[in-house]
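There are 2 protein chains.
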Amino acid sequence: MPDLADLGAALSEGALTTEPATMEAYRRDWTQSDTAGMPLAVVRARTAADVQETVRWASAGGVPVVPRGAGSGLSGGSNAVDGCIVLSLERMRAIEIDPATRTAIVEPGALNAEVKMAAAVEGLWYPPDPSSFEICSIGGNVATNAGGLCCVKYGVTTDYVLGLDVVLADGTLVRLGGQRIKDVAGLSLLKLFVGSEGTLGIVTRAILRLVPAQSPRATLVATFATVEVAARTVVAIGRTLRPSMLELMDQASINAVEDYQSMGLDRTAGAMLLAQSDAPGGARAEEIAHMEQMCLAHGSVECFVTDDPDEGEMFAAARRAAFPAIERRGSLMLEDVGVPVPLLPELLVGIAAIAERNAVEIPVVAHAGDGNTHPIVVHPAGDAAARVRAAQAFSEIMALAISLGGTITGEHGVGRLKRAALPDQLGPDVMALTHRIKQALDPKGILNPGAGF
Amino acid sequence: MPDLADLGAALSEGALTTEPATMEAYRRDWTQSDTAGMPLAVVRARTAADVQETVRWASAGGVPVVPRGAGSGLSGGSNAVDGCIVLSLERMRAIEIDPATRTAIVEPGALNAEVKMAAAVEGLWYPPDPSSFEICSIGGNVATNAGGLCCVKYGVTTDYVLGLDVVLADGTLVRLGGQRIKDVAGLSLLKLFVGSEGTLGIVTRAILRLVPAQSPRATLVATFATVEVAARTVVAIGRTLRPSMLELMDQASINAVEDYQSMGLDRTAGAMLLAQSDAPGGARAEEIAHMEQMCLAHGSVECFVTDDPDEGEMFAAARRAAFPAIERRGSLMLEDVGVPVPLLPELLVGIAAIAERNAVEIPVVAHAGDGNTHPIVVHPAGDAAARVRAAQAFSEIMALAISLGGTITGEHGVGRLKRAALPDQLGPDVMALTHRIKQALDPKGILNPGAGF
Chain A
0 MPDLADLGAA LSEGALTTEP ATMEAYRRDW TQSDTAGMPL AVVRARTAAD
50 VQETVRWASA GGVPVVPRGA GSGLSGGSNA VDGCIVLSLE RMRAIEIDPA
100 TRTAIVEPGA LNAEVKMAAA VEGLWYPPDP SSFEICSIGG NVATNAGGLC
150 CVKYGVTTDY VLGLDVVLAD GTLVRLGGQR IKDVAGLSLL KLFVGSEGTL
200 GIVTRAILRL VPAQSPRATL VATFATVEVA ARTVVAIGRT LRPSMLELMD
250 QASINAVEDY QSMGLDRTAG AMLLAQSDAP GGARAEEIAH MEQMCLAHGS
300 VECFVTDDPD EGEMFAAARR AAFPAIERRG SLMLEDVGVP VPLLPELLVG
350 IAAIAERNAV EIPVVAHAGD GNTHPIVVHP AGDAAARVRA AQAFSEIMAL
400 AISLGGTITG EHGVGRLKRA ALPDQLGPDV MALTHRIKQA LDPKGILNPG
450 AGF
Chain B
0 MPDLADLGAA LSEGALTTEP ATMEAYRRDW TQSDTAGMPL AVVRARTAAD
50 VQETVRWASA GGVPVVPRGA GSGLSGGSNA VDGCIVLSLE RMRAIEIDPA
100 TRTAIVEPGA LNAEVKMAAA VEGLWYPPDP SSFEICSIGG NVATNAGGLC
150 CVKYGVTTDY VLGLDVVLAD GTLVRLGGQR IKDVAGLSLL KLFVGSEGTL
200 GIVTRAILRL VPAQSPRATL VATFATVEVA ARTVVAIGRT LRPSMLELMD
250 QASINAVEDY QSMGLDRTAG AMLLAQSDAP GGARAEEIAH MEQMCLAHGS
300 VECFVTDDPD EGEMFAAARR AAFPAIERRG SLMLEDVGVP VPLLPELLVG
350 IAAIAERNAV EIPVVAHAGD GNTHPIVVHP AGDAAARVRA AQAFSEIMAL
400 AISLGGTITG EHGVGRLKRA ALPDQLGPDV MALTHRIKQA LDPKGILNPG
450 AGF
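Going line by line, the protein sequences match chains A and B.
For the first sequence, position 373 (counting from the first letter as 1) is numbered 372 according to numbering that gives the first Met the number 0, and the numbering increases by one without interruption.
For the second sequence, position 300 (counting from the first letter as 1) is numbered 299 according to numbering that gives the first Met the number 0, and the numbering increases by one without interruption.
Hints listed in this document are in silico derivations from the structure and should not be mistaken for laboratory results.
Honestly, I wouldn't trust all of these hints.
FRET-style restraints, in silico, Cβ to Cβ [what the hints assert, rightly or not]:
| id | chain 1 | residue 1 | chain 2 | residue 2 | range |
| --- | --- | --- | --- | --- | --- |
| 1 | A | Pro-308 | B | Glu-310 | 55 to 63 Å |
| 2 | A | Pro-211 | B | Glu-227 | 17 to 25 Å |
| 3 | A | Glu-312 | B | Glu-355 | 55 to 63 Å |
| 4 | B | Leu-295 | A | Glu-12 | 53 to 61 Å |
| 5 | A | Ala-93 | B | Thr-46 | 48 to 56 Å |
| 6 | B | Ala-59 | A | Asp-382 | 55 to 63 Å |
| 7 | B | Ala-384 | A | Ala-93 | 33 to 41 Å |
| 8 | A | Arg-435 | B | Ala-8 | 27 to 35 Å |
| 9 | A | Glu-326 | B | Glu-310 | 43 to 51 Å |
| 10 | B | Gly-404 | A | Thr-16 | 36 to 44 Å |
| 11 | A | Thr-16 | B | Gln-213 | 52 to 60 Å |
From the three backbone atoms N, C-alpha and C, an ideal C-beta is built for every residue, glycine too.
All chains should be modelled from the sequences, with the hints used to inform the complete structure.
Spelled out as C-alpha cells, the structure:
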C-alpha cells in the first residue's frame with residue numbers, strides 16, 4: 000500500500016483529507032444506503048492533474064477509487080467501498096460558454112442549473128433537465144447519462160456531449176471529441192464513457208452542445224378514469240407531435256400530493272397527464288389544442304389548458320411536489336424502470352398488484368412520453384419487516400419491467416442498488432461483453448468497483 | 000485454413016459464391032479504389048444464422064471478414080482485402096414498423112429510403128437522410144453513423160438507434176437495447192457499435208426510433224459576396240433557431256452546377272446558402288422570415304424565399320446536382336472534413352489555397368449548419384501526375400481541418416482512405432485506447448481489418 004502522505008503532497012493544497020466527519024459526509028449518495036463502506040481518504044480535486052495523481056497513486060497500490068459529483072445519485076453509484084479513495088469533483092466547476100460554436104466547456108462539478116444559467120446569458124439553452132437539476136452536477140449527469148422531463152422532445156445527456164476529457168485507470172488523460180458537431184473519426188469512445196458510472200474513467204471536462212433558448216410553453220392537464228386510457232392517449236399524442244413534456248401521475252401519487260398540500264387535484268382520477276408544448280409562434284396553441292382534442296377523444300374526465308406561464312408552472316409544481324409529498328410517508332426505495340410506451344398500462348397494473356401483494360404503498364410518477372417511470376416503494380421507517388417487503392417489491396418491479404421488454408433503469412443508473420438485477424436484463428453474453436470492455440480499460444478493477452455492472 | 004465447402008454447406012442455399020464476376024462486383028464500394036484486394040469468396044447472407052456461421056468459420060481459420068451493405072460507402076470501408084470473405088447483408092432487408100412504439104425493426108440490407116417509405120405509411124418519419132438515401136442501406140448507415148441534410152435539426156443515425164443485434168467476432172449474437180426509448184442499464188455498448196465500421200461486430204438487426212411525419216417545409220436561398228459573410232450568417236442563424244436544413248455551396252460548386260445545367264444561379268456569388276424550415280403551423284413562415292432578415296442584415300446580395308414545396312424542391316435540386324455536376328469534370332476524391340461552425344471561413348479559404356497550390360479544382364458543398372463540408376478534389380482521369388497532386392491536396396485538407404480543431408470525417412467514416420490521417424486527429428493515447436477495445440472484442444483481428452482505425 001503506497002503512503003497517503005505521498006498522495007497528499009502531490010495534490011493541490013488541502014485536497015486530501017482523512018478527517019472523520021468529512022469522510023462520513025462523503026460516504027453516501029442520496030440513497031443513504033446502510034451498506035456504504037468507509038473510505039481511506041477523501042480527495043476533493045481542484046484540477047485534472049489532481050485527478051490524474053489520485054488515479055496513478057491508487058493504481059500503483061490497487062486502491063479502489065469511487066468518483067463523486069454532487070452526491071445526488073439515486074442508485075448508490077457514489078457510495079464508498081471500504082478502503083477506497085472517494086474522489087470528489089465538486090470543486091472543479093468552471094463554466095465557459097462559447098456562443099459562436101454554441102457550446103459550453105464545463106468542469107464536472109458544475110451544477111446542471113449553473114450551466115443552464117450561464118447558457119441563458121447568451122440566449123442559449125442546455126436542455127437535459129433531471130428533476131434534481133438545481134443540485135446535481137454535470138459530471139454525474141454524464142456518468143449516468145441523465146434524462147429528465149424535456150427528453151421526450153430533446154433527448155438525454157449523451158445527445159448533448161460533444162467532447163470529454165477522461166482520466167483513464169492508469170492516470171492517462173485522453174481528450175475525446177471537441178467543438179465540432181458531427182464527427183465519426185474512430186470508434187464512438189465518447190459515447191462509451193457517457194453512462195459508464197465512473198467504471199471506465201473519470202471525466203474532468205465536458206464540451207456540451209447548446210441550442211437556442213426554449214420558446215414559451217403552454218400547458219395541458221387532463222385526468223382519466225384509468226391509467227390504461229391515459230397511456231393510450233400518450234401513445235396517440237406521440238404519433239402526431241412531440242410535446243416538450245408529457246408526464247403522468249397515478250392515483251396514489253395524486254393523493255400523496257393532495258395529502259401533502261391541497262392543490263385541488265381530483266383524488267378519484269385513475270391518472271393525470273401533464274403536457275407542455277414549446278412549439279414556436281402560433282404553433283404552440285395549435286399543438287396544445289391538438290393534445291386537448293386527443294385527451295377528449297380518449298375520454299378524458301377533465302381537461303384544462305393554459306397559455307399563461309405562471310398557471311402552467313403551478314401545475315408543473317404539482318408534479319414536482321410528488322417526490323417530497325411521498326417522502327413524508329416513510330422511507331423510500333426509488334425505482335426508475337422503463338418499458339416501451341404502449342406497455343405502460345401493463346407495467347402500472349402490475350406495480351399495483353406488487354404493492355398489494357407485498358403490503359407496501361407504491362405511488363408512481365412517470366415520464367410517460369418516454370415510457371420511463373418512477374414507482375416509489377414506501378415503507379415505514381424503522382420497520383424491519385416492512386423493509387424486507389419493500390426490497391422484495393423493488394426486485395419484483397424490476398423483474399416485471401424486464402418481462403415487458405423494458406429496462407431496470409431509464410435515467411438513474413444501475414449504481415450499486417440495481418446491480419443484482421442487471422444480468423436478468425442483459426443476459427450472460429452482454430454481461431461477458433461488458434466485462435471484456437472493463438478488463439481492457441481497467442485491468443486492475445480500481446475504478447468504482449461494484450457499481451454499474 | 001478451413002474448407003470453403005464446409006462454409007457453403009452451413010449457409011442458406013446459394014449464399015456462398017466464388018464466381019469471378021460476382022467477386023469482382025463485390026470487391027469495392029463507391030470509392031472504386033485500385034487498392035481493393037481479391038476475396039476468397041462472397042457470402043450473401045439471408046439470415047443472422049448465415050452471418051454467425053460465416054464469422055465462426057472465419058474465426059476458426061483466421062480469415063478476414065469484410066462486411067458490406069449496399070456498397071455505397073465513400074471511404075473504402077467495404078473494399079475487400081486479399082483472401083477475405085466479403086459478407087454482404089443486402090439480401091437481409093425485412094422492415095417491420097410498429098406504430099405504437101414508433102419504432103422500425105429493420106434488417107441491415109434494407110435501404111434508408113425503404114425505411115422512410117414504410118414509416119410514412121404509418122404517418123411516421125425516419126429522419127437521417129444521407130444524400131445517398133435512395134441507394135444506401137441501414138446497415139451501412141449504422142456502421143458509419145451516417146448523417147445527412149436534416150441532421151442540423153434532427154441529429155445523426157446514432158440518435159435513432161434504440162437496439163441492435165450484433166454478431167461478435169466469435170460468432171456470438173448479442174441483443175442490445177430494445178423498443179424502450181430511455182435505457183441506461185449497463186455500458187452504452189449500443190452506441191459503441193454505431194460508427195464502428197464493421198470492426199467490432201456485424202449488425203444483423205436494428206431497432207430504429209421514428210418520429211411524427213415532418214411538417215411542410217419553406218425554403219430560403221441567399222447569395223453572398225464571400226464565404227466569410229455566408230458563414231457568419233450561418234452562425235447567427237444557429238444562435239436563434241434550428242433550421243431543418245442549412246447548406247452552403249461555394250463559388251466553384253455553383254459554377255460547376257451552372258456548367259452542367261443552367262439553373263440561373265449567380266456565378267459571381269462567393270457562396271450560396273440554402274435553408275429550410277419545417278416548424279409547425281404558422282411558425283414556418285416566422286422562421287423563414289427571421290432567416291431572411293438575418294441574411295439581409297449580414298449583407299446578402301440576393302435573398303429569395305418560398306413556401307411553395309415545388310419551388311423549394313427546385314432549389315434543393317441545385318444543391319443535389321452539385322455531385323453529378325462535379326463528377327463530369329474528372330476523377331474525384333471526396334472529402335468529409337468538419338470544423339466548429341465559426342471556423343468554416345478559415346477552412347474554405349484554406350481549401351482554396353490548397354487547390355491553387357496543388358493545381359487542382361476543389362469545389363465545396365457543405366452541411367454548413369453542422370460545420371461538415373464536402374470538398375471535392377477533381378483531377379483529370381488518367382493523368383498520373385494530377386492524381387498525385389490530388390492525393391496531396393486530399394491529405395492537406397485533412398491536416399487543415401485537424402489544425403482548426405476539426406475532424407477528418409463528419410459522416411462518411413474513416414474507411415481505408417483516411418486511415419493514415421486518423422492518428423494525427425486522435426493522438427497516440429486515443430489510438431491506444433481504440434486498439435485496446437478492438438483487442439478485447441476481436442482478438443484475432445478478423446473483422447474488417449485495415450478499416451476504421
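So, going through the hints one by one against the coordinates:
Between A/Pro-308 and B/Glu-310 the CB atoms are about 38 Å apart, so this pair departs from the stated range of 55 to 63 Å. At about 23 Å, the CB distance of A/Pro-211 to B/Glu-227 agrees with the hint of 17 to 25 Å. The hint said 55 to 63 Å for the Cβ distance between A/Glu-312 and B/Glu-355, and at roughly 59 Å that hint holds. Checked against the hint of 53 to 61 Å, the pair B/Leu-295 and A/Glu-12 passes, with Cβ atoms roughly 56 Å apart.
About 53 Å separates the C-beta atoms of A/Ala-93 and B/Thr-46, a value consistent with the hinted range of 48 to 56 Å. Checked against the hint of 55 to 63 Å, the C-beta distance between B/Ala-59 and A/Asp-382 comes to roughly 59 Å, which is consistent with it. Our hint of 33 to 41 Å for B/Ala-384 and A/Ala-93 is violated, since their Cβ atoms are close to 52 Å apart. The supplied range of 27 to 35 Å is met by A/Arg-435 and B/Ala-8, whose beta-carbon atoms lie about 31 Å from each other.
Restraint check, A/Glu-326 to B/Glu-310: a C-beta distance of roughly 58 Å breaks the suggested window 43 to 51 Å. Checking the proposed 36 to 44 Å range against B/Gly-404 and A/Thr-16 shows it holds: the Cβ atoms sit about 38 Å from each other. A/Thr-16 and B/Gln-213 have their C-beta atoms about 56 Å apart, which keeps the hinted 52 to 60 Å range intact.
Violated hints, in rising order: 1, 7 and 9; the structure is consistent with all others.
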